[in-house]
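Peer 1: The lines below spell out each chain.
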Amino acid sequence: MPGVTFERVGKRFGGSLVLDDVSIEIPEGHLVVFAGPSGCGKSTLLRMLAGLDEPTSGLIRIGDKVVNGVPPRDRDIAMVFQTYALYPHMTVAENIGFPLRMMGIPSHRREGQVAQVAAMLGLTPYLARYPRQLSGGQRQRVAMGRAIVRAPAVFLFDEPLSNLDAALRAQIRVEIARLHREIGATMIYVTHDQVEAMTLADKIVVLDGGRVVQEGAPMEIYSSPATAFVAGFIGAPAMNMITTQVHRGQITLARLRMKVSIPDGLVTVGIRPEHISITTEASSGGIVGRIEWVEALGAESILYVKTESCPNPMRVRVSTSLPASTEVWLLPMREHLHFFGRDGRRQGEAGALVHE
Amino acid sequence: MTAIGTFLRWAAIALLATFALFPIYWMLVIAMTPTGFSRSLDGIWPTVFTTENFTRIFAERPMTRWILNSVIVAGLTSALSLLVGTSCGYALSRIRFRGAGALMLLLLVTQMMPATSIIVPLYILFARVGLLDTMQGMVIGHVSLVLPLAIWMSKGFFDRIPSDLDGAARIDGCTRLSAWWYVALPLAAPGLAAIFIYGFVTSWHDFLFAHTLVHTPSRWTAANGIVSFRGEYFTLHEMQMAAALVFAAPVIVIFVLMQRWIVEGALTGSVR
Amino acid sequence: MITPRSRRWVAPGRIGRGWIWFADGPGFPLLMLFPSLIVLGLVIGLPILRAIEMSFDTLNLRRPANNGETGLHNYLRLLADQRAWNALGLSALFMAGSVAGSVGLALAAALLTRRVTRGQALVRLTFLIPWTVPAVVTALVWGVMYDGNFGVVNRMLDSAGLGPGANWLIDRRTALWALLAAQVWNEFPMSFVFLLAGLMAIPTELYESARIDRAGPWSQFRFVTLPQLRPVLAITVVLSMIMGFKAFPIIFVLTGGGPNRATETLTVLTFTTAFRDLDFAYAATLGVLALVVSALMVTGYLRLVARLDDGREVT
Numbered sequence: 001m002p003g004v005t006f007e008r009v010g011k012r013f014g015g016s017l018v019l020d021d022v023s024i025e026i027p028e029g030h031l032v033v034f035a036g037p038s039g040c041g042k043s044t045l046l047r048m049l050a051g052l053d054e055p056t057s058g059l060i061r062i063g064d065k066v067v068n069g070v071p072p073r074d075r076d077i078a079m080v081f082q083t084y085a086l087y088p089h090m091t092v093a094e095n096i097g098f099p100l101r102m103m104g105i106p107s108h109r110r111e112g113q114v115a116q117v118a119a120m121l122g123l124t125p126y127l128a129r130y131p132r133q134l135s136g137g138q139r140q141r142v143a144m145g146r147a148i149v150r151a152p153a154v155f156l157f158d159e160p161l162s163n164l165d166a167a168l169r170a171q172i173r174v175e176i177a178r179l180h181r182e183i184g185a186t187m188i189y190v191t192h193d194q195v196e197a198m199t200l201a202d203k204i205v206v207l208d209g210g211r212v213v214q215e216g217a218p219m220e221i222y223s224s225p226a227t228a229f230v231a232g233f234i235g236a237p238a239m240n241m242i243t244t245q246v247h248r249g250q251i252t253l254a255r256l257r258m259k260v261s262i263p264d265g266l267v268t269v270g271i272r273p274e275h276i277s278i279t280t281e282a283s284s285g286g287i288v289g290r291i292e293w294v295e296a297l298g299a300e301s302i303l304y305v306k307t308e309s310c311p312n313p314m315r316v317r318v319s320t321s322l323p324a325s326t327e328v329w330l331l332p333m334r335e336h337l338h339f340f341g342r343d344g345r346r347q348g349e350a351g352a353l354v355h356e
Numbered sequence: 001m002t003a004i005g006t007f008l009r010w011a012a013i014a015l016l017a018t019f020a021l022f023p024i025y026w027m028l029v030i031a032m033t034p035t036g037f038s039r040s041l042d043g044i045w046p047t048v049f050t051t052e053n054f055t056r057i058f059a060e061r062p063m064t065r066w067i068l069n070s071v072i073v074a075g076l077t078s079a080l081s082l083l084v085g086t087s088c089g090y091a092l093s094r095i096r097f098r099g100a101g102a103l104m105l106l107l108l109v110t111q112m113m114p115a116t117s118i119i120v121p122l123y124i125l126f127a128r129v130g131l132l133d134t135m136q137g138m139v140i141g142h143v144s145l146v147l148p149l150a151i152w153m154s155k156g157f158f159d160r161i162p163s164d165l166d167g168a169a170r171i172d173g174c175t176r177l178s179a180w181w182y183v184a185l186p187l188a189a190p191g192l193a194a195i196f197i198y199g200f201v202t203s204w205h206d207f208l209f210a211h212t213l214v215h216t217p218s219r220w221t222a223a224n225g226i227v228s229f230r231g232e233y234f235t236l237h238e239m240q241m242a243a244a245l246v247f248a249a250p251v252i253v254i255f256v257l258m259q260r261w262i263v264e265g266a267l268t269g270s271v272r
Numbered sequence: 001m002i003t004p005r006s007r008r009w010v011a012p013g014r015i016g017r018g019w020i021w022f023a024d025g026p027g028f029p030l031l032m033l034f035p036s037l038i039v040l041g042l043v044i045g046l047p048i049l050r051a052i053e054m055s056f057d058t059l060n061l062r063r064p065a066n067n068g069e070t071g072l073h074n075y076l077r078l079l080a081d082q083r084a085w086n087a088l089g090l091s092a093l094f095m096a097g098s099v100a101g102s103v104g105l106a107l108a109a110a111l112l113t114r115r116v117t118r119g120q121a122l123v124r125l126t127f128l129i130p131w132t133v134p135a136v137v138t139a140l141v142w143g144v145m146y147d148g149n150f151g152v153v154n155r156m157l158d159s160a161g162l163g164p165g166a167n168w169l170i171d172r173r174t175a176l177w178a179l180l181a182a183q184v185w186n187e188f189p190m191s192f193v194f195l196l197a198g199l200m201a202i203p204t205e206l207y208e209s210a211r212i213d214r215a216g217p218w219s220q221f222r223f224v225t226l227p228q229l230r231p232v233l234a235i236t237v238v239l240s241m242i243m244g245f246k247a248f249p250i251i252f253v254l255t256g257g258g259p260n261r262a263t264e265t266l267t268v269l270t271f272t273t274a275f276r277d278l279d280f281a282y283a284a285t286l287g288v289l290a291l292v293v294s295a296l297m298v299t300g301y302l303r304l305v306a307r308l309d310d311g312r313e314v315t
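Chains as they are written, first to last, in the working numbering: chain A, 1 to 356; chain B, 1 to 272; chain C, 1 to 315.
It is worth saying that the hints were derived from the structure and are not from the lab.
Owing to the predicted nature of the structure, the values given are computational and were not obtained by experimental measurement.
One thing to keep in mind: the hints can contain errors.
Which chain B residues stay away from chain C? Per the calculated CB distances, all over 10 Å, these [to be verified]:
id, residue
1, Met32
2, Pro34
3, Thr47
4, Pro62
5, Cys88
6, Ile95
7, Thr134
8, Asp159
9, Tyr182
Short derived list, chain B residues pointing at chain A, Cβ under 7 Å [to be verified]:
id, residue
10, Asp164
11, Leu165
12, Gly167
13, Ala168
14, Arg170
15, Ile171
16, Asp172
17, Gly173
18, Cys174
19, Pro186
20, Leu187
Residues from chain A that keep clear of chain B, each with C-beta distances beyond 10 Å, as calculated [to be verified]:
id, residue
21, Arg47
22, Gly63
23, Asn68
24, His89
25, Met103
26, Gln116
27, Asn163
28, Ala217
29, Pro218
30, Ile242
31, Gln250
32, Pro263
33, Leu297
34, Lys306
Quick reminder that beta carbons are idealized off the backbone N, C-alpha and C, glycines included.
Take these sequences, add in the hints, and give me the full structure.
Peer 2: Here is the structure:
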């Protein structure tokens with residue numbers, strides 16, 4: 001099973017540079033997620049790997065073979081589209097069997113393989129139906145079936161779950177993970193949803209503005225985001241960001257003062273909602289604020305706390321809710337503080353607290 | 001809406017409808033009444049009907065032959081235009097190439113220019129290569145009328161097919177050509193049928209080429225045949241109208257049966 | 001479970017040899033475009049080029065004395081030709097009349113049809129029927145109706161007490177108008193379809209708020225309908241103009257350009273110059289003139305469309 005390599009890949013559309021010198025290595029058998037906001041180039045990368053577009057510079061390899069200029073049908077890949085791209089004029093069975101038909105496999109042998117794949121995806125009762133007669137989730141499964149039946153070297157997923165409702169999304173996410181465990185093929189998954197990224201990926205590649213911003217295992221990206229952008233992208237609710245000044249090696253957040261090993265100047269401090277403890281007792285080391293809004297989610301609640309340090313309300317995750325308008329003190333866990341410099345990159349660490 | 005208002009509205013509609021339908025009614029009257037009725041002053045509501053005009057046009061004139069010629073020419077024109085036009089329409093729809101805009105402009109212009117401008121040189125050209133007075137010549141002439149519209153309309157229909165489907169087909173093992181054949185064409189099929197009908201009707205209705213390019217009566221299409229009932233001194237109105245009806249009726253009937261579908265197709269393929 | 005098959009690894013590389021270059025490679029656009037381009041070139045391009053070529057030639061089979069002579073003489077002749085200018089003017093008049101009649105009638109029909117709820121399909125169908133009749137047949141039946149002695153038109157005018165009707169197609173004063181009536185009958189459904197679609201696209205909320213502002217039906221028409229309809233109206237007018245310019249069978253079959261050139265539009269003149277006077281080169285010149293005029297109209301149409309698309313559209 002070959003892995004995939006992007007080597008200094010660039011793509012220019014007319015005047016604009018969509019991808020800039022992107023190099024990514026995807027080991028065999030891994031499920032790698034390309035994550036990022038709309039327009040970051042992740043779908044373009046996928047399409048170029050599929051052969052639907054060609055890079056303007058750089059090489060793409062599947063295994064050790066360069067595939068630039070090779071038509072999609074010769075690349076031994078399969079793709080699941082966001083819009084499913086099922087052939088409306090063919091039944092489910094014909095859709096799934098189409099790749100086999102293109103390979104020249106006669107129909108009696110196709111039937112068997114199609115039936116096998118259909119059984120795997122729970123589609124057997126629907127084989128004679130047409131795509132328009134199916135629900136979104138069923139259509140997505142047919143799209144996956146069409147990909148699976150080819151038994152390709154590389155599977156490509158282009159935001160396959162965006163058109164589904166939350167419950168279905170969760171369900172099919174699990175199925176995709178299961179598929180990966182069972183088949184073990186190399187899979188490349190594009191999404192802007194960080195939940196999908198975190199749960200499915202062996203490795204996440206975060207892209208922004210046509211460049212790779214960070215790559216690593218999910219937990220690595222979660223706990224050590226390389227830039228403020230990545231920090232804000234991964235993790236929901238998003239990380240709280242506070243801009244403040246470093247003065248003589250110290251920063252002050254409301255009543256909280258601590259030493260930091262960062263040069264003087266502007267710095268953005270980040271802390272995740274789940275890494276703040278909250279108390280209603282006046283605390284000398286905390287950031288004072290008032291609860292503006294509460295989102296009660298059942299198992300936990302998100303409190304939106306208005307503070308002086310931060311223009312937006314800070315988000316805090318708690319297991320027991322508190323009423324709105326309560327005055328509270330926020331205590332960020334020092335070991336989970338992130339610092340980002342003016343250029344967005346992480347730097348330094350928190351030191352000791354300085355007491356007044 | 002007040003009662004008076006509604007009444008006036010329906011009165012106006014009735015007036016317009018009379019305007020729209022009367023000529024057809026009159027055609028029917030002339031064709032289905034004995035000779036001379038329509039020219040008498042006996043009012044406009046006939047009481048005596050006959051089918052002799054219809055039988056006469058088939059017996060005394062080569063009406064069957066003419067209709068057959070129309071069918072053959074229209075069928076060939078439409079089939080040829082469709083065959084050639086759909087590949088061009090697909091290319092215009094899917095491929096970004098230099099000159100695409102210019103080509104579409106050209107197609108538009110050819111639809112808008114008067115046929116009299118090209119009939120003159122076409123006649124001379126045909127005379128030189130011996131295509132005058134032939135079925136082939138007629139078909140070629142009609143293709144000039146039909147092909148641009150066929151290309152334009154098929155592009156419109158292919159535009160409606162999501163391009164993801166082409167991508168999926170190419171990943172599934174198709175070449176661009178087989179993606180067109182196995183996926184795009186079947187999906188555009190209803191549109192292609194509409195194009196065929198438009199092409200057929202355009203060729204069927206044409207008068208200019210029919211009148212100019214063919215002079216042997218047995219090779220006329222019906223469009224030209226029906227004019228032949230006019231003589232130097234008198235016109236055989238009844239037979240003429242019967243022939244005109246036989247010529248025009250199929251299209252009218254098809255239209256009535258498929259009205260909604262055709263109008264939709266017209267607006268899709270229209271110049272916009 | 002799915003067992004991996006032995007993979008069929010095609011040696012990757014650019015598509016080079018053979019038919020595959022057309023089926024999948026850079027030759028694909030060529031494959032798809034070529035047949036059409038060739039046919040278009042032959043059936044349209046070639047004649048047009050020939051027409052232009054002929055316009056510099058002399059080819060008169062009735063007066064073969066100067067045949068073969070080349071130069072600008074046809075164009076010079078055109079400039080001085082009273083008959084040609086007359087034809088151009090008549091074409092313009094016919095176009096204007098055709099537009100006014102077709103669009104006016106179509107607008108009236110569309111306004112009437114729009115509010116009909118029950119039976120709208122039938123009403124629409126009725127108004128569409130004249131379009132389905134071929135132009136030749138239109139000419140023939142209107143020809144019969146217009147007959148001075150026993151034509152229905154005159155008979156109905158008589159019984160309505162509107163005096164003796166004219167000899168519509170023979171009288172110089174009435175011939176063009178008679179033709180226009182037939183043309184409008186044949187062509188108004190096309191405008192009707194467009195205008196009806198345009199009317200139905202106007203959001204009803206606009207009318208409701210106009211009514212709240214105490215606007216009566218005429219004000220509603222002036223301040224809601226017309227402005228909203230303007231883009232569609234403009235397109236319909238231009239298309240109708242172009243159809244009016246192209247018109248041939250109705251005029252040719254009914255009057256042949258007569259009586260005494262009262263209805264000799266440019267298209268009819270081109271035709272008779274070629275096939276009656278057998279002056280082919282000059283006819284080609286007239287054809288080129290018609291081409292230029294229609295090209296100008298098409299440019300106008302495209303500019304109009306571009307301007308409308310550019311955001312002049314009111315919501």
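Peer 1: Now, for every hint given, state plainly whether the structure supports it.
Peer 2: Hint by hint, here is what the structure shows:
no.: 1; hint: Met32; in the structure: 14 Å, holds
no.: 2; hint: Pro34; in the structure: 15 Å, holds
no.: 3; hint: Thr47; in the structure: 17 Å, holds
no.: 4; hint: Pro62; in the structure: 17 Å, holds
no.: 5; hint: Cys88; in the structure: 3 Å, violated
no.: 6; hint: Ile95; in the structure: 5 Å, violated
no.: 7; hint: Thr134; in the structure: 15 Å, holds
no.: 8; hint: Asp159; in the structure: 15 Å, holds
no.: 9; hint: Tyr182; in the structure: 13 Å, holds
no.: 10; hint: Asp164; in the structure: 4 Å, holds
no.: 11; hint: Leu165; in the structure: 5 Å, holds
no.: 12; hint: Gly167; in the structure: 5 Å, holds
no.: 13; hint: Ala168; in the structure: 4 Å, holds
no.: 14; hint: Arg170; in the structure: 4 Å, holds
no.: 15; hint: Ile171; in the structure: 5 Å, holds
no.: 16; hint: Asp172; in the structure: 4 Å, holds
no.: 17; hint: Gly173; in the structure: 3 Å, holds
no.: 18; hint: Cys174; in the structure: 6 Å, holds
no.: 19; hint: Pro186; in the structure: 5 Å, holds
no.: 20; hint: Leu187; in the structure: 6 Å, holds
no.: 21; hint: Arg47; in the structure: 8 Å, violated
no.: 22; hint: Gly63; in the structure: 18 Å, holds
no.: 23; hint: Asn68; in the structure: 16 Å, holds
no.: 24; hint: His89; in the structure: 5 Å, violated
no.: 25; hint: Met103; in the structure: 6 Å, violated
no.: 26; hint: Gln116; in the structure: 18 Å, holds
no.: 27; hint: Asn163; in the structure: 12 Å, holds
no.: 28; hint: Ala217; in the structure: 29 Å, holds
no.: 29; hint: Pro218; in the structure: 28 Å, holds
no.: 30; hint: Ile242; in the structure: 43 Å, holds
no.: 31; hint: Gln250; in the structure: 56 Å, holds
no.: 32; hint: Pro263; in the structure: 50 Å, holds
no.: 33; hint: Leu297; in the structure: 36 Å, holds
no.: 34; hint: Lys306; in the structure: 46 Å, holds
Checked against the numbered hints given earlier, this structure breaks hints 5, 6, 21, 24 and 25; the rest are met.
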